[in-house]
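Visitor: Chains as they are written, first to last, in UniProt numbering: chain A, 1 to 659; chain B, 1 to 659.
I should point out that these hints are in silico values taken from the structure, not numbers from a laboratory.
Be careful, since some hints might not be right.
When chains are identical, the list treats them as one kind, so a pair holds in a single copy or across two.
When the alpha-carbon atoms are kept at most 20 Å apart in a straight line, the in silico SDA-like pairs for lysine to any residue are as follows [to be verified]:
no., residue 1, residue 2
1, Lys601, Pro317
2, Lys601, Leu539
3, Lys601, Arg333
4, Lys601, Ala212
5, Lys601, Arg515
6, Lys601, Arg516
7, Lys601, Asp536
8, Lys601, Glu585
9, Lys601, Arg52
10, Lys601, Arg21
11, Lys601, Trp497
12, Lys601, Gly280
13, Lys601, His508
14, Lys601, Val194
15, Lys601, Gly512
16, Lys601, Thr116
17, Lys601, Glu351
18, Lys601, Thr249
Because the structure is a prediction, the values reported are computed rather than measured.
2 protein chains.
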Amino acid sequence: MPQRDDAAIDAAALRDLLDGRWAEVRRRAREVLRGPEFAPQHGLGMAEHRARVTDQLRLLARTDLARYGFSPEYGGGGDVGASVVAFEMLVCDLSLMVKLGVQWGLFGGAIQALGTERHHAAYLPGVMSLETPGCFAMTETGHGSDVQALRTTATFDPDADEFVVHTPDEAARKDYIGNAARDGRLAVVFAQLVTGGQRHGVHALLVPLRDADGTPVPGVRIEDCGPKAGLNGVDNGRIWFDHVRVPRTALLNRYGDVAADGTYSSPIDSPNRRFFTMLGTLVRGRISVAGGAGTAAKAALAIAVRYGEVRRQFSRPDRPEEVVLLDYLAHQRRLLPALARTYALHFAQEELVARLHDGLAGEPLDERGQRELEAHAAGLKAVATWHASETIQTCREACGGAGYLAENRLPQLRADTDVFTTFEGDNTVLLQLVGKSLLTNYRQEFGSLDPLGTAKFVAGQFLGTVAERTAARSLRDRLARVAPGREGDSVLRDQGWQRALLEDRENHVLEGLARRLRAGSASGADPFTVFNDVQDHVLLAARAHVDRLVFEAFAAAVGRVRDAGTRAVLERLCDLATLSLVERERAWFLEHGRLTPARAKAVTAAVNSLCRELRPHARALVDGFGLRDEWLAAPIALGAEEARQAGRARAGEPVGARS
Amino acid sequence: MPQRDDAAIDAAALRDLLDGRWAEVRRRAREVLRGPEFAPQHGLGMAEHRARVTDQLRLLARTDLARYGFSPEYGGGGDVGASVVAFEMLVCDLSLMVKLGVQWGLFGGAIQALGTERHHAAYLPGVMSLETPGCFAMTETGHGSDVQALRTTATFDPDADEFVVHTPDEAARKDYIGNAARDGRLAVVFAQLVTGGQRHGVHALLVPLRDADGTPVPGVRIEDCGPKAGLNGVDNGRIWFDHVRVPRTALLNRYGDVAADGTYSSPIDSPNRRFFTMLGTLVRGRISVAGGAGTAAKAALAIAVRYGEVRRQFSRPDRPEEVVLLDYLAHQRRLLPALARTYALHFAQEELVARLHDGLAGEPLDERGQRELEAHAAGLKAVATWHASETIQTCREACGGAGYLAENRLPQLRADTDVFTTFEGDNTVLLQLVGKSLLTNYRQEFGSLDPLGTAKFVAGQFLGTVAERTAARSLRDRLARVAPGREGDSVLRDQGWQRALLEDRENHVLEGLARRLRAGSASGADPFTVFNDVQDHVLLAARAHVDRLVFEAFAAAVGRVRDAGTRAVLERLCDLATLSLVERERAWFLEHGRLTPARAKAVTAAVNSLCRELRPHARALVDGFGLRDEWLAAPIALGAEEARQAGRARAGEPVGARS
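Generate coordinates for the entire structure from the input sequences, incorporating the hints supplied.
Guide: This is the structure in structure tokens:
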């Protein structure tokens, strides 16, 4: 590919693009999160780390960051999008990010979303000010992914006008609960609501955990989860309830209420639909995690790219100085496609946040809109958190032994984000949810998400929609038949071709899945087996869907760039994001006749070319993320390597010269 | 695929197979590494952890584990294979594994391999008894991969009959040196030897670090590397030398010596060849790391499989109890191919250890034999350590939140092994070394491994060998032309077909690489650019080579099994290892016409079938590793989950029933 001379990043234009709709929140976070109080520290003991994070949280409680997500009536900012963006900026310590998410996102957010006016008035001010540190007590030891099967009970006692909250056995203890081991005073507890001997499914109640002295209240037992792989500044704990009594009004009663006589009522008749409606209001947590994962990946890339730009190893025959790591193709291939995908996910994340924000600000979403939002959130959370784990790992390895030292931050970023792939929804379970949502997209009612419901449905109603989708087929056939060769290489960078390729894959995988489910059901096999046999196909359908969404978001963002030089760079970056994905997934395209072998090899060659073209812009691209140097903190990213080389130059040897 | 009823593991037969040639060493390690002194602990502070590991090492110094690798003349066991196997058994704490490796492998091993009788007699007894804790001071801050370019100097002063060891600048400080921050008294220091104003390349010398009180000796400055991602029981440090004087006899003089008058002499004329000969004697370190990585992967799989066998989540419509995780196809797909590959790597490792051991015990290897051993070690180290990182990560995620808790060991295993991918040779650099070794396989002399040398050589001499290899082509053409379909599915499990497929890929990738290098050289491009442009191809050639070696080792091991039931299971496991590899790499096979699209899809289907067939044997397969329960330590692998479910059953509900 010829070098286009106009490719040159304008830092301000790039920053504007990346800061996006909530630029003001990002600027505010850059202003607030500075100084020694917020500087990353390594090597803290668990107790010390927890204390520091709590102190930091107190400092943030005095700022608007604490209030963005809450109703203006109670002093909140009324800006959900801002609350998600503020969360993702807290890369100076991911323990702080998660602790803030527990207090103001999960705990406060559940009161806001599931409670009614009386809860808002009574609790939200204390939630925001941190007078009332709280927990989101959903997960139990026995049930993490299958929340509908939680076993804690909240049994109504009409004589006392109270609920009795109880942990029936060890599997029902609340587990991994953030803010529980040390700080939490109050908890939103998810429990099976029982009244008049009848079960009404999972509901949330406010249950006190500790008194003003910090002593657990009678009937509450709390245990520390102890050290974890990371996030040791967050005090995760286990909670047992021994017939703990709370007033009837402790029930967060927006979607289900109990009258004084014990009568249950709900605006939603179907218990299943009610449950998923309640869960749906909590989708912000997943979206926030996807954003936080993205920032961690950005920080790791900023460190590795800066180091890769100055670190030298091995000499080349024709020059006195040693070769800079980022000049090696293998190094480019490790870092630059990951950088491109990080950009793509950034814009997909912004779209998702906007969708959440606008959905809450405007007319309530209809069922399908809500389901699509939830699937979008689930899919992006899974993809973004796996991407973060892989990218940070790659960055660690790209920095060699230096990347293994705590002082260079990569170990902490890696360990802290590791749990992102399994908390707020296990990624595999989430992708399955996306796959099922795609399958049930035309279904009119909320249904159980168990294998039986889906398989039955697919066998019955779904096939009509498949026919609609096959309209795209003629385009696809045309694409596949384009002869490979020189003209085929330029088509690789054509956005229309890329889009058609990814859309077609999405549709074809889904069609094939529906076909297999139908054939399985027709064979008379039991529904579990039918669905389980195609589980890998379900996950692929979900990935193909998310891949297309992410592509669209990046392409749309590039279309918004006015500065020609910046745009030229981002067009290549978008090409790299897409073609490195196509390269990774090229087996599928080959198997299904969408790429010829020659074209597939051309994709690999194009990825190499794009790496070379983008290499000069790598530093500007990571600088565009707008992460403060003090957040990166790693000496290898902040001049230590240059200083060593300069010392050697002063000693009379050319920089990087081999002895 | 039909279920073969004869597949059933005989535990003793499997253990014998896996324990292999050094079964006695494994049994000994199981005997020694027990009790509270060696039980894994989590949450230790760095100082406490270091102290504990040093205490453990002292206990081991009293056992034969310390002596296996040393000459019998000085009280050693004279069994290098045993020393590598003993190292890999130390999974109870990988800090202990690495600390032992530093003391008796790297430090003691360098004295043994690079020193002469005077060093052996004077130092080996103290090395073995731990009276003399020591360091292997090779890596510098500025040079890790490119060891030939180290900058520490050892300048001979004939007047004093001493060497002056010196750190000329910050980039030349020794870095990441195990045993340096706390315990080391003596170091093998790699430095540029200078005598009479002439440089003779990197040599090793014994330099004291601390006196009997543990105080650094004059001229030596030591700094702690501080906390790391893992291995915090190992005291890594940085060392500066300020004109430190050591006697002339401190030079480990097997491959290069300096007479009293300053005259340099060596049994190897070429400085380049001398350097690589010295390095080659240290190959055991890499082999040991590959083995240690393997054991860590085994431990993680043992934990995740045991948990996956009892942990339940989500109900199926037709049964009262919830579904066990390992019954989900997606869960099988995560764990079982990784388990199969772990087996394959185990046998490849045993072959490599035997090759090293027999090479040292018998006639010295010729140059080609030595180069192949080194390439074998480099390739297996890269592949095995990446496999361990990925596998432990997968196991962590497969255990959800429980996998993130320190008490369940997976975080520590993951963090400790993380550096294995970049120490003892960065994996990318090692694979490049393998690729170059393949290219230079017929070359008669040691040559510089820099890009120029290789590219020139390839353009000149290499092409002859390519012609020889094409003899395999007719077989390949035949394979590719086999019609897909029913008979094609059974061919997938044919070992001959699998072997031909992997051999052909290995040869074809190498041929293509040679062709591209030749074309690049012919084009007049500079050698660095020529080589850099195909760097991804070099890495692929290396991987294809290692993949074939690993396959051969597993297939050969299965062939040694007499018990029919065990053999039937291991045949499937070997099929799964191979076919999941082919599945992952199927894009290449499709691009090169080695698999038709239908056959490629059949490979995916076969992987799913094999997962289902092997699922009942998963527990027996991990038990076969022979890792003591107290090494696994994780409550989730040792009955905690069963206990919770039993508690629930006692409470009157069927185990795993959904509320």
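Visitor: If a hint holds in the structure, say so; if it doesn't, say that too.
Guide: Structure-based check of all given hints:
Taking the shortest alpha-carbon separations for Lys601 and Pro317, neither the intra-copy value of 30 Å nor the inter-copy value of 46 Å comes in at or below 20 Å. Taking identical chains as interchangeable, the C-alpha atoms of Lys601 and Leu539 lie at most 20 Å apart only when they sit on different chains, with a minimum of 16 Å there against 26 Å within one chain. Taking identical chains as interchangeable, the C-alpha atoms of Lys601 and Arg333 lie at most 20 Å apart only when both belong to the same chain, with a minimum of 16 Å there against 28 Å between chains. Taking identical chains as interchangeable, the C-alpha atoms of Lys601 and Ala212 are never at most 20 Å apart, the minima being 67 Å within one chain and 63 Å between chains.
Taking identical chains as interchangeable, the C-alpha atoms of Lys601 and Arg515 lie at most 20 Å apart only when they sit on different chains, with a minimum of 16 Å there against 31 Å within one chain. Taking the closest pair of Cα atoms, Lys601 and Arg516 come within 20 Å of each other only across two copies (14 Å); inside a single copy the shortest separation is 31 Å, beyond that limit. For the identical chains of this complex, Lys601 and Asp536 are inter-copy neighbours only, at 13 Å across copies versus 26 Å inside a copy, given an alpha-carbon limit of 20 Å. Proximity of Lys601 and Glu585 under a CA criterion of 20 Å is satisfied in both settings, with 13 Å inside one chain copy and 14 Å between copies.
Taking CA atoms no more than 20 Å apart as the test, Lys601 paired with Arg52 passes in neither setting, with 52 Å inside one copy and 54 Å between copies. Taking the shortest Cα distances, Lys601 and Arg21 never come within 20 Å of each other, neither inside one copy (39 Å) nor across copies (44 Å). In this assembly of identical chains, Lys601 and Trp497 lie within 20 Å of each other by CA distance solely inside one copy; the values are 17 Å within and 25 Å between copies. Proximity of Lys601 to Gly280 under the C-alpha cut-off of 20 Å is found in neither arrangement, the shortest distances being 43 Å within a copy and 37 Å between copies.
Within a single copy, Lys601 and His508 get their C-alpha atoms only as close as 23 Å, which misses the 20 Å cut-off; across copies the closest is 15 Å, which meets it. Taking the shortest Cα distances, Lys601 and Val194 never come within 20 Å of each other, neither inside one copy (62 Å) nor across copies (50 Å). Only between protomers do Lys601 and Gly512 lie at most 20 Å apart by alpha-carbon distance; the minimum there is 13 Å, versus 26 Å within a single protomer. In the homo-oligomer, the alpha carbons of Lys601 and Thr116 never lie at most 20 Å apart, since the shortest distance is 59 Å inside one protomer and 54 Å across protomers.
For a Cα distance limit of 20 Å, the shortest separation of Lys601 from Glu351 qualifies neither inside one copy, at 33 Å, nor across copies, at 35 Å. Neither within a single protomer nor between protomers do Lys601 and Thr249 lie at most 20 Å apart by alpha-carbon distance, with minima of 65 Å and 58 Å respectively.
In this structure, the hints that do not hold are numbers 1, 4, 9, 10, 12, 14, 16, 17, 18, in rising order.
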